[in-house]
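Peer 1: Take a look at the letters that make up each chain.
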Amino acid sequence: MRVAVPVFPGSNCDHDALHACGTVMGWDTIPVWHQETRLPEGTDLVFIPGGFSYGDYLRCGAIAALAPIMADVKRHADQGGLVLGVCNGFQILCEAQLLPGALLRNASLRFIHADVHLRVERADLPFTAAMKAGDVFRVPIAHAEGNFTLEPADLADLEARGGVAFRYCSPRGEIGEAFVPNGAMNGIAGIVNIRGNVLGMMPHPERVVDPRLGATGGLGIFRSLDAALARG
Amino acid sequence: MKVRVSVQLKPGILDPQGKAVEQGLHGFGFAVDHVRIGRLIEMEVPGADAAEVKARAQAMCDKLLVNPVMEKASIEVL
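From first to last, the protein sequence lines are chains A and B.
In this text, residue positions in the first sequence follow our numbering: the first is 1, and each later residue adds one.
In this text, residue positions in the second sequence follow our numbering: the first is 233, and each later residue adds one.
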């Protein structure tokens with residue numbers, strides 16, 4: 001299992017990703033500078049970390065989506081390789097058009113750092129297969145632009161094809177506007193592409209995988225990936 | 233030639249920043265409505281033919297300057 005973590009100027013969750021994948025999961029995890037043009041040979045998973053790539057200039061993720069390494073990330077995704085984008089990584093995947101939609105400013109206009117609950121909507125993905133549909137897990141969010149938005153027709157398409165992987169919910173799994181921290185349409189916290197190999201999410205599962213740090217709500221995703229990649 | 237690209241959020245897109253500014257203006261007693269905040273990009277584009285320069289600016293919008301999910305642009309060659 002080999003993981004590549006692209007690092008952009010302004011990435012600040014790259015070490016969380018490296019810790020979760022490398023130290024906690026024991027995967028062969030390699031940081032890759034954005035100027036590189038090739039992912040390491042044999043990369044199974046690309047983990048695009050959170051942060052403020054290129055200072056969030058123009059739009060969050062817009063400049064990072066054009067970085068040299070992203071061409072190879074697209075090739076990897078086109079060949080069915082796994083890509084996980086968290087927070088700014090999700091914004092980058094949308095700007096790179098590997099995922100539909102855009103992340104707008106939170107409806108409250110504020111940066112929000114809080115624990116939220118997510119409900120698993122798709123348990124048949126390499127990212128979720130160790131969980132069950134309807135499972136609820138607790139993870140932190142830390143963003144100012146997480147308000148997921150799509151044209152109404154495209155939103156209907158996304159829902160119809162089962163593109164929603166995770167939705168914000170109550171601790172008991174109830175769905176509703178009251179549980180959506182940032183104004184995201186339909187309470188969407190994470191989505192997958194049609195093929196199911198590219199997932200973007202605003203919450204940070206990589207921050208809650210090490211029991212020594214007090215919480216392990218994000219482990220379901222990493223155990224799922226471990227199983228998916230062990231199967232090859 | 234000087235080109236001015238005005239990028240605006242599409243009509244249906246929520247603009248919390250515009251809303252906040254609108255409330256601020258109301259606080260000063262101004263009667264305003266539908267405040268929307270966009271971005272103005274000015275640049276020098278080489279070339280003498282306005283139509284050609286505009287086409288190149290349009291290509292820049294398509295590639296980078298505008299996110300079609302949420303924004304639209306109008307281009308002015310000055």
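The hints are simulated quantities; they were obtained by calculation from the structure and are not laboratory data.
Since the model is a prediction, treat every value here as computed from it, not as a measurement.
Think of the CB as a built atom: it goes at the ideal place given N, C-alpha and C, for glycine as much as any other residue.
Fair warning: there could be bad hints in the mix.
Stretch by stretch, here's where chain B covers chain A in the computed footprint (C-beta under 8 Å, at least three residues) [as the list claims (entries may be wrong)]: (1) 53-62; (2) 104-118; (3) 145-153.
Okay, derived cross-link-like pairs now, DSS-like style, lysine-lysine, Cα gap no bigger than 27 Å in a straight line [said to hold, decoys possible]: (4) B:K304 / B:K251; (5) B:K295 / B:K234; (6) A:K74 / B:K295; (7) A:K74 / B:K304; (8) B:K286 / B:K234; (9) B:K286 / B:K304.
A few chain A residues that don't get close to chain B, going by computed Cβ distances all over 10 Å [as the list claims (entries may be wrong)]: (10) M25; (11) R75; (12) G80; (13) G183; (14) N186; (15) R212; (16) G214.
Peer 1: Minimum C-beta separation from G80 (chain A) to chain B exceeding 10 Å: can you confirm that?
Peer 2: 25 Å, holds
Peer 1: Confirm or reject: G183 (chain A) is not an interface residue toward chain B, with every Cβ-Cβ distance exceeding 10 Å.
Peer 2: 7 Å, violated
Peer 1: Is the nearest Cβ of chain B still more than 10 Å from the Cβ of M25 (chain A)?
Peer 2: M25 (chain A) clear of chain B: closest Cβ-Cβ about 34 Å, beyond 10 Å.
Peer 1: According to a criterion of three or more residues whose C-beta lies within less than 8 Å of a C-beta of chain B, is the segment 104-118 of chain A covered?
Peer 2: holds (count 6)
Peer 1: Is the nearest CB of chain B more than 10 Å from the CB of R75 (chain A)?
Peer 2: 19 Å, holds
Peer 1: For the segment 53-62 of chain A, do three or more residues have a beta carbon lying closer than 8 Å to a beta carbon of chain B?
Peer 2: Holds, because 3 residues of the segment 53-62 of chain A bring their Cβ atoms closer than 8 Å to Cβ atoms of chain B.
Peer 1: Using a Cβ cutoff of 8 Å, are there at least 3 residues of the segment 145-153 of chain A near chain B, or does the coverage claim fail?
Peer 2: With 5 residues close enough to chain B, the hint holds.
Peer 1: Given the hinted pair K286 (chain B) and K234 (chain B), is their Cα-Cα distance within 27 Å?
Peer 2: Given pair K286 (chain B), K234 (chain B) holds - Cα atoms ~10 Å apart, limit 27 Å.
Peer 1: Just to be careful, I want the Cα atoms of K74 (chain A) and K304 (chain B) compared with a cutoff of 27 Å; is the pair within it?
Peer 2: Holds. K74 (chain A) to K304 (chain B) sits at ~26 Å (cutoff 27 Å).
Peer 1: Beyond 10 Å from every Cβ of chain B: is that where the Cβ of N186 (chain A) lies?
Peer 2: About 14 Å separates N186 (chain A) from the closest Cβ of chain B, which puts it past 10 Å; holds.
Peer 1: When you check the alpha-carbon spacing of K304 (chain B) and K251 (chain B), does it fall within 27 Å?
Peer 2: Holds. K304 (chain B) to K251 (chain B) sits at ~19 Å (cutoff 27 Å).
Peer 1: Does K295 (chain B) sit within 27 Å of K74 (chain A), going by the straight-line distance between their CA atoms?
Peer 2: 16 Å, holds
Of the hints listed earlier, the one the structure fails to meet is number 13.
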